[in-house]
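Visitor: These are the residues of each chain, in order.
Protein chains: 2
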Amino acid sequence: MDITQFLKNGASFFLPNISVDIVILGFKDGELKVLLQEFDGKWCLPGGYVFKEEAVGDAAVRVLEERTGLRQPFLRLFQVFGDSSRSFAEEFKGLMKRIGQEWHPDLWINRRFVTMAHYALVNIEEVQPTGGIFSMHHDWFVVDDLPDMLMDHAEIIVASKNQLRRDITLEHISFNLLPEEFTMPELQRIHEAILGRKLERSRFQKKMLSLNVLERLPKPKEDAPRRKPFLYKVKEENP
Amino acid sequence: MDITQFLKNGASFFLPNISVDIVILGFKDGELKVLLQEFDGKWCLPGGYVFKEEAVGDAAVRVLEERTGLRQPFLRLFQVFGDSSRSFAEEFKGLMKRIGQEWHPDLWINRRFVTMAHYALVNIEEVQPTGGIFSMHHDWFVVDDLPDMLMDHAEIIVASKNQLRRDITLEHISFNLLPEEFTMPELQRIHEAILGRKLERSRFQKKMLSLNVLERLPKPKEDAPRRKPFLYKVKEENP
Chain A
1 MDITQFLKNG ASFFLPNISV DIVILGFKDG ELKVLLQEFD GKWCLPGGYV FKEEAVGDAA
61 VRVLEERTGL RQPFLRLFQV FGDSSRSFAE EFKGLMKRIG QEWHPDLWIN RRFVTMAHYA
121 LVNIEEVQPT GGIFSMHHDW FVVDDLPDML MDHAEIIVAS KNQLRRDITL EHISFNLLPE
181 EFTMPELQRI HEAILGRKLE RSRFQKKMLS LNVLERLPKP KEDAPRRKPF LYKVKEENP
Chain B
1 MDITQFLKNG ASFFLPNISV DIVILGFKDG ELKVLLQEFD GKWCLPGGYV FKEEAVGDAA
61 VRVLEERTGL RQPFLRLFQV FGDSSRSFAE EFKGLMKRIG QEWHPDLWIN RRFVTMAHYA
121 LVNIEEVQPT GGIFSMHHDW FVVDDLPDML MDHAEIIVAS KNQLRRDITL EHISFNLLPE
181 EFTMPELQRI HEAILGRKLE RSRFQKKMLS LNVLERLPKP KEDAPRRKPF LYKVKEENP
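As they're listed, the protein sequences go chains A and B. According to my numbering, the first sequence holds residues 1 to 239 in order. According to my numbering, the second sequence holds residues 1 to 239 in order.
Careful: at least some of the hints might be erroneous.
Repeated chains share a single entry, so a pair holds when one copy, or any two copies, can fit it.
To be verified - Using 35 angstroms as the maximum straight-line C-alpha spacing, the simulated DSBU-like pairs for lysine-lysine come out as follows:
| id | residue 1 | residue 2 |
| --- | --- | --- |
| 1 | K93 | K228 |
| 2 | K219 | K206 |
| 3 | K235 | K198 |
| 4 | K198 | K161 |
| 5 | K206 | K228 |
| 6 | K221 | K206 |
| 7 | K28 | K233 |
| 8 | K52 | K97 |
| 9 | K52 | K8 |
| 10 | K228 | K28 |
| 11 | K161 | K235 |
| 12 | K52 | K221 |
Just so you know, the hints here were simulated from the structure itself, not pulled from any lab data. None of the values given here were measured: they were computed from a predicted structure.
Can you build the whole structure from these sequences, using the hints too?
Guide: So this is what it looks like as structure tokens:
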């Protein structure tokens, strides 16, 4: 579907008034990062609409795969943003003009949209970012240092971070941000970045090992500068 | 709005394809209970639709107040049920016939609906149940012993229970199921009912007191049969 067809016929393909947005989170250089795409001079979350014959959850999986190339990474719906004034309409005027399309307020995409906000946890090295229908520009941004964002997308990212902070205290999901093999310090840095505070090394290691989901590999990490830390991976029965 | 007007003109008032459903949970006789209403021989969750000019969250608050008489009890969105086949249509045929309305598949209410599933925690003694537009019959059912339920509403209740089990381990929200003044054994029974297992009395009490959100009242509970347990309430600054 090209952009003209999308704007013209979208109403016949998609559920009205419903969208999905995905906060795609990765970890690099000691910081939690989010994948954004450029939209007419601002930045926004990867997102999309739900086909009339498609489950909401399947739409989120589809959009995520389209934009990252990843099949089924960790993905969770965490909130609905449903204010009555929540609309793309104003933001759309400039872009429509630029691509030579006539803007009118009754266009389906200018209506109010209730968005199902998801977050995804990915190994940043495995992602092959791909722009959506409106944009080929995308980049990773530090979650605490966002550029000028579209609509309420900055608020959605803040909410996702709060949710993730809560979720990692109950569930062993932080591994999803790492490559298959990782060291304990790498895992600790991820928890510190999400929680926003330093953790005590030996207590963290003890807690992680007590979960009984990690398997220590026979060889230590080779390219570590001084002492070679052990490598771990998640046990097979704990995907 | 009466039922005829609702069925005829609903499409012009409400957002299409979006509904809210609320698992209203209370605690009585040692058991977690859910408020259900009768719908054409089955039982269903209290729910409703979102006015075109209304926030999704406000719609949930409105429906909850309409059905319980309570203003702003604890209410949380916990999941979206968005399967592509999720529709009321078949269930509606009998009821439409009974009220002398013509059923046809294009009626707005027969379309696919994505529902925003919420749960509410209420003090069951304060609730004044009121039926919705389709039903004057409502009753409290033990969460683990549900009657014949409409559509996927039994599944929504199970999901709410799982969510609540998770939430009470992180947040002090169980107090919402109690009257203003309560004893420690009463609070413990609620946690046991939600978690589905017995808790050790002294450890539970110690944990609850360590949260520093409870205030012990000067007088013990008067109508207790043998020993008179202390009464507690939530401190003012922890609503």
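Visitor: Does each hint hold? Answer for all of them.
Guide: These are the hints, each one checked on the structure:
no.	hint	verdict
1	K93 with K228	neither (56 angstroms within a copy, 69 angstroms between copies)
2	K219 with K206	within (20 angstroms within a copy, 45 angstroms between copies)
3	K235 with K198	both (26 angstroms within a copy, 31 angstroms between copies)
4	K198 with K161	both (17 angstroms within a copy, 34 angstroms between copies)
5	K206 with K228	within (19 angstroms within a copy, 43 angstroms between copies)
6	K221 with K206	within (20 angstroms within a copy, 44 angstroms between copies)
7	K28 with K233	within (18 angstroms within a copy, 47 angstroms between copies)
8	K52 with K97	both (28 angstroms within a copy, 28 angstroms between copies)
9	K52 with K8	both (16 angstroms within a copy, 23 angstroms between copies)
10	K228 with K28	within (20 angstroms within a copy, 58 angstroms between copies)
11	K161 with K235	both (27 angstroms within a copy, 29 angstroms between copies)
12	K52 with K221	neither (49 angstroms within a copy, 57 angstroms between copies)
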